[in-house]
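This is what each chain is made of:
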Amino acid sequence: MDNSPSHPVVLAARNVRKYFPIRGGLFSSHVGDVRAVDSVSMDIREGETVGLVGESGCGKTTLGRVLLRLIEPTSGHCYYRPTPEILAKLDSLYSSLGSDNGASSSAKHAGASSPPALKELDEIANQYSLYRRNQRQMRDLRGRLQIVFQDPFSSLSPRLLVREVVAEPLEIHHTGNRRERDQRVLELLQQVGLNPEHMWRFPHEFSGGQRQRIGIARALALRPEMIVLDEPTSALDVSVQAQILNILKRLQDEQGLAYLFISHHLSVVRAMSKRVVVMYLGKVVETAPTDGLFSRPLHPYTQALLSAIPIPDPTTKRERIVLSGDVPSPAAPPSGCRFHTRCPAVMPICSKIEPEMTAMGQDHFVACHLYSAPKEGGSASSDSLTMVSEAPRAAS
Amino acid sequence: MVEEELPAQAIEKPVRRGRRPSPRWDQFRRTWYFFRRNTLAMIGLGILIFFVALFITSFIYPANSTELIPYEATNGAAPSPNPIFPQVCTYQPGEVPPAPNCYLTPTGLPSVIAPTVALSPATLGPLPFGSLTLNPTEPIFYNTFDGLIKGAQWSITISVGVVVSGAILGIFLGVVAGFYGGAVDEVIMRLTDIFLSIPGLLLVIIVLAVFAGSITSTWDRVFLVIGAFVVVWWPTYARIVRSQVLVVREQRYVEAAKASGARGGRILRKHIMPNSIYPVFVQMSLDVGTVPLLIAAIVFIGFHVFPILNFPEWGTITAFSVQGAVLYSFIEACQSSITNTCIFPWWQFFFPGLTLFLFAISVSFFADGLRDALDPRLRR
Amino acid sequence: MAAAAVREPAAPGETLPEESVAAATAPPEIRPEERDESALTHGDVILDIRELKTYFYTYDGVVLALDGVSFKLRRKETLGLAGETGCGKSVTAFSVLRLIPDPPGRIVSGKILFRGADLLWGLDKEARMKPIKRSVRVKVIHKFRRIKAASARMMAVRGHGISMIFQEPSQAMNPIFPVYDQIGETLLLHRGQTIIDQLLNATPDAPEVQPAIERLAEAVRARESTDRLKALATVVGEAAHLPSFGTQAFYSARNALSTSPDAVTADLRSSLRRLRLSGLQRSYLKNRRRQTEIIDDLREIYMREMREGQHHRLLEARARRRQFTLRWSHPQFGVPYVHRRADKPLKDELFWQTVALLEGVQIANPVQVARCYPFELSGGMIQRVMIAMALSSEPAVLIADEPTTALDVTIQAQILDLMRELKHRVGTSTLLITHDLAVLAEVADRICIMYAGNIVENAPVKSLFANPLHPYTRGLLASIPRVDQPDKRLESIPGSVPNLIKPPSGCRFHPRCPYAMPVCKESRPPMTDEGNGHQVACFLYHGPSVIE
Amino acid sequence: MRLWVYVVRRVLLVIPVVIGVMTITFALVSSLPVSERLISYYGPNPKLPYTPTVPCNKLYPGEPGNCTNPIYTKGVDALGLNKPIPEQWAIYIGNSLTGNWGYVGNKTGVTGQVPIASGQPVVKVLGWFLPYTLELAALSLLLILIIAIPIGNLSAVNRNRPIDQAARVLSFSGFALPAFLLGSVLLMGFVLLIGGSNGHSPFCTGQTSYTDLYGSWPPVQCFPGGVYPSWLNQGQISSPTGFPTIDAAIHGNWWFALDTVIRMLLPAFVIAYGTVALLLRFVRNSMLEVLNLDFVRTARAKGLPEKSVVKKHAGRNSLNVTITVLGLTFAGFIAGFPIIEEVFGLYGVGRMIAFSVTLTPYDFGMIFGSTILFTLLVVAANIIVDVLYAFLDPRVRLG
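Protein chains in written order, with the numbering used here: chain A, 178 to 573; chain B, 9 to 388; chain C, 2 to 549; chain D, 512 to 910.
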């Protein structure tokens, strides 16, 4: 999607789906799916941070796991380091196939009797896709794609010393002898701002911030190219959060890491990331460069999300869009546009047809019927350019 | 306290491989602190230590370790005045008995004059202290003191053997079930359901009943008994371990290990095992006490677990002495037309019963204290 | 401190002379605050916490969770309590209602004056702390009888004068009882008398009831707007002298709109019939009413005890005895079937009152929600229910402990709006505890910043955000990422929250403070006023004057 | 999940368990010698001994040499002992499911004590004695619930205080004290209490205090005319229902109805004491966990008096756990019956087990039959418990 000539792409996800089966009934048969992630596509480039925003239960965490293949995906592909021309080809292929062919070009069954486009896709997938690699190839890749977890308390084994925790990836990949590993652990601890003597302690002796540092050190151990940051600061205090964020930024500048920064906290995302992807109920509703998104959010959900953020300044009084109701369950997502049940600008079409991703200006994509229909969309977008809270009028 | 000493020891500790870092010791001390605060647990620990000592002494104690020795009776005495409490008397072999009904214990330990009781309308005879009668028709009095001491080796060996082997089997199956899940899990859990729904006592009985006929040598029989009990015990452990593994498997640190490419074996070894095995220890220490109890019960309902009836194993001794006391002394005495004063022959089953009771209760006190000390929620 | 609290002379009436109390109890350094405070009317202060000390006696040592926290909550005011994790804000909240799990926690000393009653009265007699030799730990010898008595005394305040909503909505409600049950018991506990009176005075046969019902039915057949239906339904309720019957009428009318408009009359008639109490039900209700009266008496007695600082054993004993006799004076209600028959009207009444309450917190379909079990509701919904439950007794103070932390941003917005709206409608004064200063900026009137068990700054919200005085507050504000200021460099406070077993000497912030002076190590900075009620505890603002 | 779906599911889950149990018994049975299997499962007292061949003159008098034993071959065919193991298994399972659990051998064990049982089908004999056991079980369950729940809650509420310690000691002593020891001691103690000599039974002179407490019925001389009435066979099996109290009541012997209950009190107490031991700890710990939960704090914050917090909010939640644990301990509970019935001389299923294992050769038909019976009881109890749990806990019922 994003063809702007810039850093090479580390991971390119295309139509990634993850459905969790629901079992029920007399013989606990398969009665439905929780559509945690539903045909999501995104690129993550070297040295840049992609923010992934959404409320709880929108599938952002699952997406992070699936991208690293910690969970096996239902369908779709995640290409590791595709060259730009491959990317271009991919986009053309997918556009030719239409968006919802993720299932047929699945990781599981290589399309046997399928149109040439699919065959081509398969070849590319066999070459680049994570989901086509066998366990050993995957294990070699693990070191380069790392993850930092949300909860700093359950993410460190209570019975291992910090030294063992941080050195574990090294041990797994048999890098260096014990002494070298200890040296490496020391420098890692320094990188995340911990003292050497900390390596002789148990995790439970540390505060949340320090634990999170340890987690980051573990992730850095194998010199990764990309780290999925799964709400790394949502369990921390603001002052400590700032420390962690700064550390992450510094590391990115030093080592040119790519981050996928998952968070429900828009302001943190804004502080961290270059591009932002907004998810709602397993679908991407809007993706744009950070400034673009925050200056002119197009999707009503994004607008509501933005206006819902409390601003630490009693003097600024803004009119806020308060969404009615709760997030529907991903087990039974609403028909058509999944947001239409809560949308302030809902139109009759929304409940019927699912909106396509449409480009609105410099790699700013939004999936909303306000913008899909050209004439209406034009007015709507120009409206929502001016005022965030105007979305309802845009509908009428 | 932790805050104080850790940096110190960490700094003086060279950042090289090798030594046990003292945090582990600190954790142990923490557990011990909470254990120590639990009075009952400390009592249990004390009694347990006594039993360990008994176990060791039982090997050097000069008595027959494979069967109980009958008393040599010097018989023919008048009924002693007091019906309930026997009087102590000691004499060495060769000496003249100081009192008519004095019994010589083979090891020269103090023996006693027991009150005389009507055995049957015909014969009069005494009941020595700590005796075990096997069948009402012609009484033989065995020395249960030596038996209890010697029985320590058998009982404790059997109990520990049962629990350890059962735990090994159970842990293995439980971990497999919990970690791999799916069909394996289903099969193993159904299996545990099946075994758990058969009352344990009966399961042991039927296994023993089928095979006991063909196995007569003492050691083989001991192994058979252990096997029979393991059949009963593994499912409990499997259940416990599985539930723990299911919890630990979902922890983030396991996922982190996966994320850095750890294989299943390593995750099991490094993360899942150490974090999910503690409850089993508690359960094990609870069960050690129940094995002799079960053996005693089986013997009591009339099934002879061991090839010889006067086998020095706590359960057996207790069961037989209770039977003897009730069926033989008590009922006979109460219902005999000669003496219609019932006597309560407590000295016959008191010491075997006490041994069983103390063993079981000390172990369970210990286990309970251990659980409280290990489980942060139950700490105080 | 606590000893002083006990020796304090009895102060009659709602308000108590601040001066005298201050003279008796307050340590010298908070004098200036008192003086400034005396300008205001005393009745204005509804919750007054002074030098509150709450410690936790753990394996590692004594955790000084709260070390001399003092603040005042005024009528209709929303006081924000902000700080990082482990700074003791939640502990403060729990201490106020004495919900600290004991062991390990104990309130050691201090005063919590609620409407002039000291909730911590008799504290020092409840337990004895014995330090263990050559050890960081302290042995606590509880006197359980006194502790029992104290917690019983709290019944006068808990939920009645001060109610509370908690952080984890999904776990804060009992999973195995439906919502109406849990709210209903609260209603009966706190508003029992009025509810039962309404039931007893309900007149289903009043002449004006029938025509009202007819009009309502007409409106339904004509498919008129829900507002009109509501208006008519309230008329019905007033006609029957039972407000909750209005609610009931409204919902049956609205259901009828969708299903069968003609059924509504019959439906309402039947529910009216249910309002006609049988003799059994009447006597049962009378009995229950007497019980509630006694409970209220007990509350009154306890409040007096805490106000005057002495037991009223006789009164309490008498009340208890009467309660006991009442409970057993109607044995036939123990018979299951009879009992069910007897308390059916009360159950229905409570149900419909619950529905009305849920409406009040803007729940779309209150009837269904009232019938739901908590695990069937979403977090935001349960939080609304919790708020409804907390406000059901129209308390003077509402303590909200991180009410929105577990919720999503959009839901948080809903809840905050709701709370703001309720604040204007009900007019309870709120103690809002959160780590999110932004939230406070929106709802709070006044903010206390806590750090490591102390309050370091206490200011009106505007002036706090305009010019934060304490370095810690500044650090906090600087470290918040902001949507409206994208290119703001995130400052962070070095280090982390200190271990409260061995807190830093003097000002507890000095190890992390950029402006730390030698004096900060030695003595604790007093709370001083920097004009228009902006108080701060820092030596930067009145350096040597205090230390000589 | 709706409740009925849950129930049906639970019942369906039982089938593999039952078949599995029978498979285990099959494995054990098939490792018995053929003659034993024939005696237990084909017919106990044959005209010829169960040997492959017999001297011919036993069949046709005067014939020399050995002939094949027709009874043996018939039996082998009937049980399919000459067929491969799977078929044997199928036959065995079929028999077991259809209630064909073999026969009571004419051996000294059971038949020595219960003569009329000799040669009868095991199911029939068990059917005679099951009601007694059930009545005893019901009584002791009642005792258990009365003892365990209040004490457990009490010791949880004031935790680590003297009451709690006392409860702890009580429970562990019950766990560590052999049931037969406690039973015998109590028996003797009570006998001594009542006194050694004759005639203190209020309604039957001439029996000793021992027979007052021992046995499920008074000795024969207590009955009118010194003989057992027709509905009480040998003072062992009562008809029509088999529940002693009910039968006595049906036949209008109120004294005996009372007597049977009195005789059950002591055994029931002993069983309860043993089972409560485990239950008490679980009740206490679950109560402690519940008391630490958030909603209890909420209930306190609402101003509910402590009593109703403990009783309603915590109690109902921990009750579910209690019930589950009761289901889990039911196997151990039922396993106590052979011992107790042996100690107190009660004629129930447990006593039959004791008889059948007392003297070699064992009465395998009876052993395996009663094992399967007890297993079925346990399974049934578990189903009941689960359904009860689902009924009590909306999360299971609706979630």
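These are calculated hints, taken from the structure and not from any lab test.
Model, not experiment: these values are computed from the prediction.
Each residue gets a CB set at the ideal place from its N, CA and C atoms; glycine is no exception.
Careful: at least some of the hints might be erroneous.
[Claimed, not checked] Straight-line Cα separation of at most 20 Å, EDC-like style, residue types lysine to aspartate or glutamate; simulated pairs:
#1 LYS818(D) / ASP298(C)
#2 LYS426(A) / ASP488(C)
#3 LYS823(D) / ASP485(C)
#4 LYS494(A) / GLU317(C)
#5 LYS818(D) / ASP675(D)
#6 LYS822(D) / ASP182(C)
#7 LYS823(D) / ASP344(C)
#8 LYS144(C) / ASP675(D)
#9 LYS823(D) / ASP182(C)
#10 LYS426(A) / GLU492(C)
#11 LYS494(A) / ASP485(C)
#12 LYS494(A) / ASP68(C)
#13 LYS503(C) / GLU382(A)
[Claimed, not checked] Derived contacts from chain C toward chain D, CB cut-off under 8 Å, selection only:
#14 MET156
#15 MET174
#16 PRO176
#17 ILE177
#18 LEU190
#19 HIS191
#20 GLN194
#21 MET518
#22 LYS522
Hints, verified against the model:
Our distance criterion of 20 Å between C-alpha atoms is met by LYS818(D) and ASP298(C), whose separation comes to about 19 Å. For the given pair, LYS426(A) sits about 14 Å from ASP488(C) by alpha-carbon distance, which is consistent with the 20 Å threshold. For the proposed pair LYS823(D) and ASP485(C), the alpha carbon gap of about 50 Å is over 20 Å, so the pair is violated. The straight-line distance between the Cα atoms of LYS494(A) and GLU317(C) is roughly 52 Å, outside the 20 Å bound, and the hint therefore fails.
With a CA separation close to 18 Å, the supplied pair LYS818(D) and ASP675(D) stays within the 20 Å bound. Proximity of LYS822(D) to ASP182(C) is assessed by CA-CA distance (about 15 Å); at most 20 Å being required, the pair is judged to hold. Between LYS823(D) and ASP344(C) the CA atoms are separated by roughly 18 Å; this keeps the pair inside 20 Å, and the hint holds. Taking the CA atoms of LYS144(C) and ASP675(D), the gap is about 17 Å. The hint holds against a cut of 20 Å.
Distance restraint check for LYS823(D) and ASP182(C): the Cα-Cα separation of roughly 11 Å lies within the 20 Å cut-off, and the hinted pair is therefore satisfied. The hinted pair formed by LYS426(A) and GLU492(C) meets the criterion: a straight-line CA distance of about 13 Å does not exceed 20 Å. Using a Cα cut-off of 20 Å, the hinted pair LYS494(A) and ASP485(C) holds, with the two alpha carbons roughly 12 Å apart. For the hint pairing LYS494(A) with ASP68(C), the CA-to-CA distance comes to about 36 Å; that exceeds 20 Å, so the pair is violated.
Only pairs whose Cα atoms come within 20 Å are accepted, and LYS503(C) paired with GLU382(A) is accepted, the gap being roughly 15 Å. The beta carbon of MET156(C) is positioned within 8 Å of a beta carbon in chain D (closest approach about 5 Å), and the interface hint is therefore held. For the restraint placing MET174(C) at the interface with chain D, the shortest Cβ-Cβ distance is roughly 6 Å, inside the 8 Å limit, so the hint holds. Given hint, PRO176(C) at the interface with chain D, holds; its Cβ is 6 Å from that chain's nearest Cβ, closer than 8 Å.
Hint status for ILE177(C) relative to chain D: holds, with the closest Cβ pair at about 6 Å, below 8 Å. Interface hint at LEU190(C): satisfied, since its Cβ lies 6 Å from the closest Cβ of chain D, which is below the 8 Å cut-off. Hint on HIS191(C) holds. Least Cβ distance to chain D is approximately 7 Å, under the 8 Å limit. Because the smallest distance between the Cβ of GLN194(C) and any Cβ of chain D comes to about 15 Å, over 8 Å, the interface hint for this residue is violated.
The beta carbon of MET518(C) is not positioned within 8 Å of any beta carbon in chain D (closest approach about 42 Å), and the interface hint is therefore violated. For LYS522(C), the shortest C-beta to C-beta distance to chain D is roughly 39 Å, which exceeds 8 Å, and the interface hint is violated.
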